[in-house]
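Trainee: Hey, can you work out the whole structure from these sequences and the hints?
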Amino acid sequence: MSRPRSPIAPPRSFIWTRRVVLTALAAFALLPVYVMVSSSLKPLQDVSGKFQWFPTNLTIRPYFDIWKTVPLAKYFVNSLIVAGSATVLSVVIAVFAAYAVSRYRFRGKRVFTVTVLSTQMFPGILFLLPLFLIFVNIGNSTGVELYGSRGGLILTYLTFSLPFSIWMLIGYFDSIPRELDEAAMVDGCGPIRALFRVVVPAAVPGIVAVAVYAFMTAWGEVLFASVMTNDATRTLAVGLQGYATQNDVYWNQIMAASLVVSVPVVVGFLLLQRYLVAGLTAGAVK
Amino acid sequence: MTVIVTPSSGHKAGDTEKTDGGGARGRRLPRIPDRIRQGGLPYLLLLPAVVLELLIHLIPMVIGIWVSFRQLTQFFIRNWGNSPFAGFDNYKIAIDFDAPIGQALLHSFLVTCAFTVLSVGLSWLFGVTAAIMLQENFRGRSVLRTIFLVPYALPVYAAVITWAFMFQHDNGLINHVLYDQLGLTDRPSFWLIGNNSFIALVVVSLWKSWPFAFLMLMAALQNIPRDLYEAASIDGAGIWQQIRTITLPSLRPVNQVLVLVLFLWTFNDFNTPYVLFGKSAPEAADLISIHIYQSSFVTWNFGSGSAMSVLLLLFLLLVTAVYLFLTSRGRKGSDV
Chain A
1 MSRPRSPIAP PRSFIWTRRV VLTALAAFAL LPVYVMVSSS LKPLQDVSGK
51 FQWFPTNLTI RPYFDIWKTV PLAKYFVNSL IVAGSATVLS VVIAVFAAYA
101 VSRYRFRGKR VFTVTVLSTQ MFPGILFLLP LFLIFVNIGN STGVELYGSR
151 GGLILTYLTF SLPFSIWMLI GYFDSIPREL DEAAMVDGCG PIRALFRVVV
201 PAAVPGIVAV AVYAFMTAWG EVLFASVMTN DATRTLAVGL QGYATQNDVY
251 WNQIMAASLV VSVPVVVGFL LLQRYLVAGL TAGAVK
Chain B
1 MTVIVTPSSG HKAGDTEKTD GGGARGRRLP RIPDRIRQGG LPYLLLLPAV
51 VLELLIHLIP MVIGIWVSFR QLTQFFIRNW GNSPFAGFDN YKIAIDFDAP
101 IGQALLHSFL VTCAFTVLSV GLSWLFGVTA AIMLQENFRG RSVLRTIFLV
151 PYALPVYAAV ITWAFMFQHD NGLINHVLYD QLGLTDRPSF WLIGNNSFIA
201 LVVVSLWKSW PFAFLMLMAA LQNIPRDLYE AASIDGAGIW QQIRTITLPS
251 LRPVNQVLVL VLFLWTFNDF NTPYVLFGKS APEAADLISI HIYQSSFVTW
301 NFGSGSAMSV LLLLFLLLVT AVYLFLTSRG RKGSDV
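Residue numbers (the UniProt record's numbering), protein chains in the order written: chain A, 1 to 286; chain B, 1 to 336.
Some hints could be false.
[Unchecked claim] With a cut-off of at most 27 Å between alpha-carbon atoms, the simulated DSS-like pairs for lysine-lysine come out as follows:
(1) K74/A x K279/B
(2) K68/A x K279/B
(3) K279/B x K92/B
These aren't lab readings, by the way, just hints derived from the structure by calculation.
Just so it is clear, the structure is predicted and the values come from calculations on it, not from any experiment.
Mentor: Now the structure itself:
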């Protein structure tokens, strides 16, 4: 990602503007993170009174209390199951679909890509209620509980990330020379074997990028989680609101819990960000 | 929920066609027997994706449109197939701007438009500034890039709840800085109720979406050939001139997609106002998706909620079509 300096160094005016602007943007980006970290280390009376930039009475109690005030561990496990399953399924299904679109000519191909992509335009609110009705009806007529269950949420979330995943993987697969999998087929592999032995290994960066995106989508969704879950299947997105009771808002615990639920995604994202940038460069910005 | 609306919906279909046509010429002869033998395979590979899209997106949309013509209130929720037919009544109520319901919808729509224009415009401005300033290599560049992506990586609810804390009246950071430390206001302001809530919403939305603009624009900048800059600087163009004459024009294709994506994403945003304000947003920040959610799930009037959603979808379709028409035409013109 490094690039050579331009032959002529930029003038001082540009360097100073750059320093000022980039510092301001970094401060804007990190301000909430600082508030989250510092406030999570304060006792309750300090976050209830005037805001303090620096904690005067450092404590790590909030990090122990968060698990007792609300069943955070349960929400955490629910979120992990839902987001993890949605990610795995979404990636597998997207790989198959993208392979079909990238390697075969068939009737209805254009209808498929255009329809799938245009679903991204739908306002979530338009199909929230119908989906709720469908899930309830499937439950009543077949006994398969989708409403309130993790299964229903997994299906919903994996479909949310499908269009972007398919679209990004088509771009990626298109950039892998066709000769590679054709050579494998000449050697006697079937098309599915060729997909897994040749195309998938060559597309790892794209697949990782898609997986990161699918996980983040599922981990952060609020609207459907708030309608489609019950006490047993509640995910973090809804569970985090449990720290505000009628009498007290445990801001220090909210900040501690926010930090704890952010760590898995932020660390994963930052570790894998170069794949995401590479995936976007290959797919999005052709 | 739609964290990234797919970049380039308008584009992609065309792209696929193109690569396809090109590739087909090379492999038509050896490929035909294969295709016949494996006739069903591509459909089999697409099947899971098609089933899910039907179940989660397309059938619900059709039902949503059907419900918008029904009088579906709480009395019919268990037995929704039997709800009375309402014709265009739900639509008439929604767009009767003299009556309270239509008036509130119109107000919410206008608030959403103002919010979207501000948020998208500023996000693009911040993103393009950061991307251009990180184009050259210098010490600390990769650290800054990581920092800028943090807001994009944080889960929405964790980030927005932190902003809600910062905007608190008594114990928030914003009032501490503006009133206690800088003395810019006469008294601590309310940020999450009343008119200020619009400002709070724009700030949080901007904070959340500019890193995405930055990410896309940064990826695009890497495709600009170095020679262009070198040639320009030999010709005596300064850095500001290079930005104006090389960088910004090369970003045009990405901008076309990026602005559309940001627009759809921001206009439909539910998560930010929902976490920031709770179930009912203050009037000044009553975004359309929260407004529709209110009128469906709080008042249990699903027929009119669905009618409003359909109107919203039509509006988005119209804007997208006009936008794509105008921008592609403009692009063709400038190429000539």
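Trainee: In ascending order, which of the hints set out earlier in this document are inconsistent with the structure?
Mentor: Checked against the structure, no hint fails, so every one of them is satisfied.
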